[in-house]
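Visitor: What follows is each chain in one-letter form.
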Amino acid sequence: MILLALILIPVVAALVVAAAPAGKAKTIALVGTLVPLVLAVYAAMAFDYAFGATFQLGNSGDPIEWLPQLGLSLSLGADTVSLLLILLTCLLGPICVLASTTAITQRVKTYYAWLLVLQGAMTGVFAARDLIVFYTCFEFTLVPMFVLISLYGSTNRKKAAIKFFLFTFTGSIVALAGLVYVAWVNAQESGKWTFDIGTLQEAAQGLPGWVQAWVLLALMLGFAVKVPLFPFHTWLPLAHTEAPTAGSVILAGVLLKLGTYGIFRFVLPFAPIAVIEYAPFIAVLSIIGILYAGLICWVQTDVKKLVAYSSVSHLGFCILGLVALNNIGITGSVMYMINHGLSTGALFLLIGMMYERYHTRSMKEVGGLASKMPVWSTFMVFFVMASVGLPGLNGFVSEVMCLLGTFQSSSAWGSATGSDPAGGLDSGLWGSAGVVMEGATPGALGPWFAAIAAVGMIIAAIYLLYMVGRVVFGPLVEPRGHGHADHGGGGGEPHLPADLTPREIGILVPLAALCLWLGVYPSPVLQALQPPISATVKVLDEAMARVEHGPVSPVRSAGAEGVR
Amino acid sequence: MIGQSSAALHPAHHEGKFLGQDPHAVMYYVSAVVGLLGIGTALYLHYLGRTTSQTARADSLLASLGPVPRWAQNKWYVDEFYEFLIRRPLLVTGHLLHLIDQFLVDGLVNLAGYLPRAMGKAIRPSQSGELHGYAVGMVGGIAVLLIIVLLATN
Amino acid sequence: MIERLAFLWPEIILFSMTCVVMVIGLSPNLRTRKLSAWVAGFGVVVAGLQAAITTPHADALLPESGQLLLPEMVMYAKCMIAGVGLILLLLMAGTVDRDEEQAIAGGKAFDPLRSNRAEFYAFFLFSLTGLMLCAGADDLIWLFLALELTSLPTYIMVTMSTNQNRSREAGVKYFFLGALGSATFLYGFALLYGGTGTTNLNAIAENFRQSGINSIALAGILLSILGLGFKIAAVPMHFYTADVYEGAAAQVSAFLAFVPKTAGFLALLLLTATMGWVYAPGSTGLSGDPIVPVQGGTHLPEVVRVLLWVIAALTMTVGNVLAILQTSVKRILAYSSIAHSGYMLVGVIAGPGDGSFAQNGLSAVLFYLLAYGVMNVGTFAVIAALERKPGREGGREVESVDDLRGLWASHPALALAMTVCSLSLLGLPPLLGFFGKLPLFTSAIAAGEIPLVLVLGVNSAIAAFYYLRLAFVPMLEPVDVGSEPTVISPFRSRKLGALISAVGVVVLVVIGNRLMEQSRQAGMYRPLSRPLHALPVVGSRGAEVAPAEPSPSLAEEPH
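Residue numbers (this note's numbering), protein chains in the order written: chain S, 891 to 1454; chain X, 6 to 159; chain E, 749 to 1307.
Accuracy of the hints is not assured; some may be wrong.
What the hints assert, rightly or not - Covered, in the sense of this in silico footprint (three residues per stretch, anywhere, with C-beta under 8 Å from a C-beta of chain E), are these stretches of chain S:
id: 1; region: 952–959
id: 2; region: 1018–1029
id: 3; region: 1037–1045
id: 4; region: 1051–1065
Calculated directly from the structure, the hints in this document are not laboratory data.
Here a beta-carbon is modelled for each residue, glycine too, at the ideal position from N, C-alpha and C.
Could you build the full structure based on these sequences and the hints that come with them?
Guide: Given below as structure tokens:
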């Protein structure tokens, strides 16, 4: 079972690292992350994309009974969305290991062991088909991240780690209450307790609207903290800034996607009626996040904090695409998850490389590095452009799809284009590439949302170009004592050359290649994503059809539904 | 208008007429004439009759045109306009939002974190270490709880 | 009478071992004295095996053989008590007589009047005997005697656990407040007898079915619940917890965290089982009429339910909120102990549901008792396994969380054990604590107690404030330069106890299904599987109540 291997191999490698001498830790960790990467690529090739909506590669058809008294089973399975996210996780694994080889010099074994455990847990989240397996891995990622931040972070690391843990933990418990409620509803109807996600999905869709609203609230509270959605985002700048480089990469690249994946996998299918009703509200929060975090980015002096807030801003787009509730929006959102992981992960890697050389992240102290570090600067500009959303790179694809989805997500558009909602899309880039998108638009958002969100694109350009302008271009500013001549490193660090070493280039090149490929030729991925996303949109359509008598709200319908 | 498809935005355009002429043709001719007029004026004012490199016929017009040439030389103050209307407010907003984020939003989060600790500090004096205090607390607690429960179910 | 013996073999074995220990411990020969712990362990093991093998099943029960309300609970509880008791015994090595034995090794003559070892292990076994008797109690007087037999030895164990004043102070406080608590629930039992005319639990349950709960019996139940709150350290009887846990030695605190708590919850389960979860929501009976069960009712009587609700919410909150401020490890664990009692009370309110494990609050409580026992003993065991130089105020013991710094470097196994057990207490999946809390969640939601579930959730989150410190300070923090080093105790069995608990926290998840099945059966509230008799259908107030037809097996009066 490939998925189980993908989860267990890093964990076993972590145990080996713990037992082996410290000098071997790096090598074992590298092997422990490369093997899952190879396996993941193999899994991607073995995957049947035509049936991308079914859960393959695991045992979800015949799960291992783990605690049948509670209805828990060790059930794994991946559809295309999960598979892509697992690929992202497995790709970032060896990249993080290689990025840390010079940065981590003390307590090396602990570091690599926890990094490997983290990878296993993250893979488990995406591969889980049982609710409690999902929740277990979801929560368990907090422990390695806590250790990584509080041991290897910067000056304020303790506070950052504690805030991160407590904030996320609290949200998750609320989400657990919602999920257990759905499991109970299913137990009442079918007489059997189970936590299988597929079964619970069907049970949840039958809930009345006002009950779904409460489930929505509970689930969103949990996932909104993880994403993060305004106003639950304040843990993120602190955690990102104080984490070590690999920690920030994993945090931005994968851990934030746990939240968006949770919304895609749970909130949309479990509470479709409520989502349709409350989508504008969630969209407003996302848009506030986009603009608010974007403007805050602009006034930052710490580069890492700038990129951290930019994550908040970008993931606002991601959520916006999800609550657009149409095919193109959700596809854009899933693509955004991958693309953001690649580009922002790379940005954090680059900042880390700069930090290793200059020991500062402040734009006041470091600037104009193009003359000293041309290769680094090239990559920096490249990934900034990917992050901004320059056409030709991957950011553009996902951003435009999310905006298009938001724009089209209004009832006027849906009715005007009549029975062929894909009519407006057949022409143009994706139509000519043969991607057919189906699915009606429940019509929760609309052009105004898209227009205001699009301003966020401009703001992204403002702060990212401002940052790149100061850090890469402009006059050379170096902190005192870190000139090229007297750069010997202090405190036992290995002497790093001014520009990137081959190892560092080696970890950036795959990311750059993927950004380019996904920007220029995304259609295989988009095509592959269609089956699961069409299935999700179908669920939303059916829910829309049930809502003929108008919107439902908890207050209004409580009296109508009677005593629970 | 936004809700209409693109087909609706472009009605059969070959039917419209402008002053009895084809609008496209009118466009060509008008713009050509204006362009030629402009070239001619510039030629006359700045090229023809220029005696020295510093002076031209246009200089004599400077005084009578008032502040317009100055505006033109300053790029019509477009940059300053953007700075004043867009960039400066956005920057100020950015700083303001940063402050709001640090103190209001984060403050609320820290408050939520502080509440349990504050509750603890409020209850702490009850753990005084004195035996009689505990005994009173126990018996008093029993009484209070019974009263609460009996009141609540009445 | 002879049938009762079938239930009592474990207690009889323990009791006889107690007598043996008392004699052995007074021997002038050191090797014989050392045997007392081994004899105690032997007794516990045999008692546990005896309980597993020979306890009759529910089908074989006769009315006079035992309580019929939660019959399977007897075996489960006794085995659990034996298991956790064995781990606790590992911790008890070297608690008393340490200095005395050193003096004897140095040449002093053995004086039986000075030696406490015999008494200590005897009290240990007495207390476990009382606890096992609680599980099988079918009579109020039996229950009271068993509860007292459980608690009285613990008062003395606390007092003799160290030779400092803090233990004596703790013992005195514990004794006086314990007497107050016992008086309360004894008063409750007396009122219960007055209201129903019998002390036999089965007969009381029968009485409630037939004529409802009259106000005197209701008052008795309320007072009993409040009094039993002392044993489980629930608000408002929680005041003693922190001081007593801090004053006693860590291993005795571990004992206190498990044994009286289990006793209290077993008694609480039996008491609430006499009423049953068969009432309509909102049936108060305060107008003077007895509270009558209804067909299809799923709640406790409203008064009792509200009382338990308020106690549970307050207990959880007070426990967690007070723990955040603490720097002393044992006080943190004491307040966390209060909080966990609050969590378990949620299961008592939830009731047996439809009998499946996920909906059965009683099974959840029983499973949580086991899980909590293992993980809590683990944390105390780590404390007990460590030492500092004597002469400070606290004697040899580790006092504050900062004393645990740098443990990973010096004793990685103990640091890992502390981390694993603390995270399990927090309820972090995939450790045992989460799978103990999950049934509480599910059963409470199934019973419709959504606000209480939210309180439970928020409190679990608040608990993270201090559990994180407890879990990660030993592992991540470097040792304070200039402070005294923390060394391992010469009594290696304590470390073994800590490791067994930590391993148990992980392994019990893997084999958890068997345990859950056992606790499901243990929580099978009998009227669910075999009704005592048909329940009356509620008509208008006080109107036609169908006369009860007692089932044949209860034809004889128990007395």
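Visitor: All the hints need checking, so say for each whether the structure fits it.
Guide: Checked hints:
1. 952–959: holds (count 5)
2. 1018–1029: holds (count 4)
3. 1037–1045: holds (count 3)
4. 1051–1065: holds (count 7)
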